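Build out the structure end to end from the sequences listed, making use of the hints.
As given, the protein sequences belong to chains W and X, one line each in that order.
Using the working numbering, you'd call the opening residue of the first sequence number 1 and step up by one each time.
Using the working numbering, you'd call the opening residue of the second sequence number 1 and step up by one each time.
No lab work stands behind these hints: they were computed from the structure.
Keep in mind that the hints are not guaranteed to be accurate.
Identical copies go unnamed one by one, so any copy, or any two together, can satisfy a pair.
Stated by the list, open to error - Quick list of in silico lysine-lysine cross-link-like pairs, DSS-like style, CA-CA up to 30 Å: (1) 161 / 58; (2) 63 / 173; (3) 191 / 51; (4) 108 / 63; (5) 161 / 111; (6) 191 / 63; (7) 51 / 4; (8) 173 / 111; (9) 180 / 191; (10) 108 / 161; (11) 58 / 191; (12) 191 / 173; (13) 96 / 4; (14) 58 / 180; (15) 58 / 4.
From a predicted model like this one, the values you see are computed outputs, not experimental measurements.
2 protein chains.
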Amino acid sequence: MQKKGMLVVISGPAGVGKGTLCRALLAQSTNLDYSVSVTTRASRPGETDGKEYFFRSKEEFQKMIENGELLEWAEFLGNFYGTPRFHVEAMLNQGKTIILEIDIQGGKQVKNLYSEGGVFIFIVPPSFTVLSNRLRGRGTESEEVIQNRLARAHEELENVKDYDYVVENNDLKEAVEKLKSIIVAENCSTKRVVFFSKEE
Amino acid sequence: MQKKGMLVVISGPAGVGKGTLCRALLAQSTNLDYSVSVTTRASRPGETDGKEYFFRSKEEFQKMIENGELLEWAEFLGNFYGTPRFHVEAMLNQGKTIILEIDIQGGKQVKNLYSEGGVFIFIVPPSFTVLSNRLRGRGTESEEVIQNRLARAHEELENVKDYDYVVENNDLKEAVEKLKSIIVAENCSTKRVVFFSKEE
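Written out as structure tokens, the structure reads:
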């Protein structure tokens, strides 16, 4: 019996390094696939439709939203970006493990659709002590700026409770190892394992 | 703040190879500790009291039950096996990750006490043919005992649903890697991560 795939959602505050983490994870793993997003921005030289992005017009994108064809979507600098449901579901049905790197708002939308089958990982910056020491160590920010940054980070961390795992992005190599372990462990999770029959 | 330890319960049918797996896991990990069981069975050549098991008489074992000194205990083929409660709890309070290798009945008892904090892993054989060959390969059990164990293994597989993870013991190295990944992943689990306080 063919095993169904797994959707791994990697999210976290802007600037936490989730893009770098995901690229390192994909580079080291042969059995993972990146989810390809739909965008309304123009393709750049060298980009291929269906590889870096699915390039669509704003009208087409709007129709995809209306038809429920997007797992999540967002506007950024006048362009739209989204995750096409058909693409993700096709890969899941092929038994693939798909990495979906998105911001916190997008993560919330996906959670509503895949709360059962998805694996939700939240990337956090190193602890506040470390962050605070780094900021103060620089000596370039005022205490007010530092306090504001810490307060905002606290707010963003409130979202952690909706995720299955939290990975601190302190050391890149260590964080990638943790992501790989989470994927291996989830594949051993009782809720995902299909058993051989008694007759075997 | 000191992190509380993690109790990793590794269980599965007799002869599935959980002992070999656990020894390999412990040999490769510096941050894991083995929970040593108490047993009334006779020690086999090469076994040392307090290392593989605490070897005790049936009278001594009975007293431990009466005094609530066992986290779980069971009778198996005329002998008693149990886990000394204070030993495990002391290690957990020290923040250690403890590997508890026990049979399925024992797993159930521990589950009742540690359903929140414990990690429950069920080891399954690749197939019953392999399990049967392994039991016979030992050369220490009679055919009747082997048949009883196989029948029981079928029943025991029904218990998988009470466990968090299932690891097939086909290739030792691969199975050990899975166990290690599960421990790493569980340490990233949102429910286990203690966040730094706002005051930090």
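Quick rundown of the hints versus the structure:
In this homomeric assembly, residue 161 and residue 58 never come within 30 Å of each other (Cα to Cα): the closest approach is 33 Å inside a single copy and 47 Å across copies. For the identical chains of this complex, residue 63 and residue 173 are neighbours neither inside a copy (40 Å) nor across copies (50 Å), given an alpha-carbon limit of 30 Å. Taking the shortest alpha-carbon separations for residue 191 and residue 51, neither the intra-copy value of 32 Å nor the inter-copy value of 35 Å comes in at or below 30 Å. Proximity of residue 108 and residue 63 under a CA criterion of 30 Å is satisfied intra-copy only: 22 Å inside one chain copy versus 53 Å between copies.
When the C-alpha separation of residue 161 and residue 111 is checked against a cutoff of 30 Å, the pair qualifies both within a copy, at 12 Å, and between copies, at 24 Å. Taking CA atoms no more than 30 Å apart as the test, residue 191 paired with residue 63 passes in neither setting, with 35 Å inside one copy and 39 Å between copies. Proximity of residue 51 and residue 4 under a CA criterion of 30 Å is satisfied intra-copy only: 23 Å inside one chain copy versus 43 Å between copies. Within a single copy, residue 173 and residue 111 get their C-alpha atoms as close as 27 Å, which meets the 30 Å cut-off; across copies the closest is 35 Å, which misses it.
In this assembly of identical chains, residue 180 and residue 191 lie within 30 Å of each other by CA distance both inside one copy and across copies; the values are 19 Å within and 19 Å between. In this homomeric assembly, residue 108 and residue 161 come within 30 Å of each other (Cα to Cα) both inside a single copy, at 11 Å, and across copies, at 29 Å. For the homomeric pair residue 58 and residue 191, neither the shortest alpha-carbon distance inside one copy (39 Å) nor that between copies (40 Å) is at most 30 Å. For a Cα distance limit of 30 Å, the shortest separation of residue 191 from residue 173 qualifies both inside one copy, at 29 Å, and across copies, at 23 Å.
For the homomeric pair residue 96 and residue 4, the shortest alpha-carbon distance inside one copy (7 Å) is at most 30 Å, but the shortest distance between copies (35 Å) is not. Taking the closest pair of Cα atoms, residue 58 and residue 180 never come within 30 Å of each other, the shortest separation being 36 Å inside a single copy and 46 Å across copies. With identical chains, the CA atoms of residue 58 and residue 4 are never at most 30 Å apart, being 33 Å at best within one copy and 49 Å at best between copies.
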